[in-house]
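2 protein chains.
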Amino acid sequence: MEIEKTNRMNALFEFYATLLTEKQMNYVELYYADDYSLAEIAEEYNISRQAVYDNIKRTEKVLETYETKLHMYSDYIVREQIFAEILAKYADDTYLVDKITILQSLENE
Amino acid sequence: MEIEKTNRMNALFEFYATLLTEKQMNYVELYYADDYSLAEIAEEYNISRQAVYDNIKRTEKVLETYETKLHMYSDYIVREQIFAEILAKYADDTYLVDKITILQSLENE
Chain A
1 MEIEKTNRMN ALFEFYATLL TEKQMNYVEL YYADDYSLAE IAEEYNISRQ
51 AVYDNIKRTE KVLETYETKL HMYSDYIVRE QIFAEILAKY ADDTYLVDKI
101 TILQSLENE
Chain B
1 MEIEKTNRMN ALFEFYATLL TEKQMNYVEL YYADDYSLAE IAEEYNISRQ
51 AVYDNIKRTE KVLETYETKL HMYSDYIVRE QIFAEILAKY ADDTYLVDKI
101 TILQSLENE
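Chain order of the listed sequences is A and B. Read in my numbering, the first sequence has 63 at position 63, and its numbers run on one by one without any break. Read in my numbering, the second sequence has 65 at position 65, and its numbers run on one by one without any break.
These aren't lab readings, by the way, just hints derived from the structure by calculation. Mixed in with the good hints, there may be bad ones.
[Claimed, not checked] Derived, one-sided and incomplete: chain A residues facing chain B with beta-carbon distance under 10 Å:
no.: 1; residue: M72
no.: 2; residue: V78
no.: 3; residue: E85
no.: 4; residue: K89
Predicted model only: the values in this text are computed from it and were never measured. Every residue gets a Cβ at the ideal spot worked out from N, C-alpha and C, and that includes glycine.
Please model the entire structure based on the sequences and the hints provided.
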């Protein structure tokens, strides 16, 4: 499995998992986050490997569609970059470091 | 119509409109953003006032469910508050004002 694809799916999953069905959530999490093979998931849920594959492919599209519509992940990337730049430049300014830390913690809820 | 409810629905609509169907989008926008009455929307779309009402009530629930799951609006409120505090304290720091301005523009895409 490509590492880039895996990272992206894990990131999109972080943002949009709540919008998925329980089945979509389980398969995608096992496959991308827990590194199960399709065959292992198929065995776990007692369905065909093809059915698992089709479901995961559909869920990938669903996640990408949410990102196209809401761009929570791409906005997060831009914000994190700017937060890092501010923290680097104002490392000695406790007021500002505190504020940026609050902003960062908001991203990880 | 309560002004608070109207403001909240307009705000949630800003964030989640892309997840609504075209019909949901149209009715909610006419009702909350353009201040049409239920009767006016009913006439415009040639359906009953009750059907418009039911559809709008359902869409309100859909929007609140998205907010519960994704909290884009409540996160936005917290960030805007912190951005305002930073801008007030560092009004003379052009570097920081520029960075915060970029962060704010991201919210309005």
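Structure-based check of each hint:
{"no.": "1", "hint": "M72", "in the structure": "holds (7 Å)"}
{"no.": "2", "hint": "V78", "in the structure": "holds (6 Å)"}
{"no.": "3", "hint": "E85", "in the structure": "holds (7 Å)"}
{"no.": "4", "hint": "K89", "in the structure": "holds (7 Å)"}
Violated hints are absent here; each numbered hint is respected by the structure.
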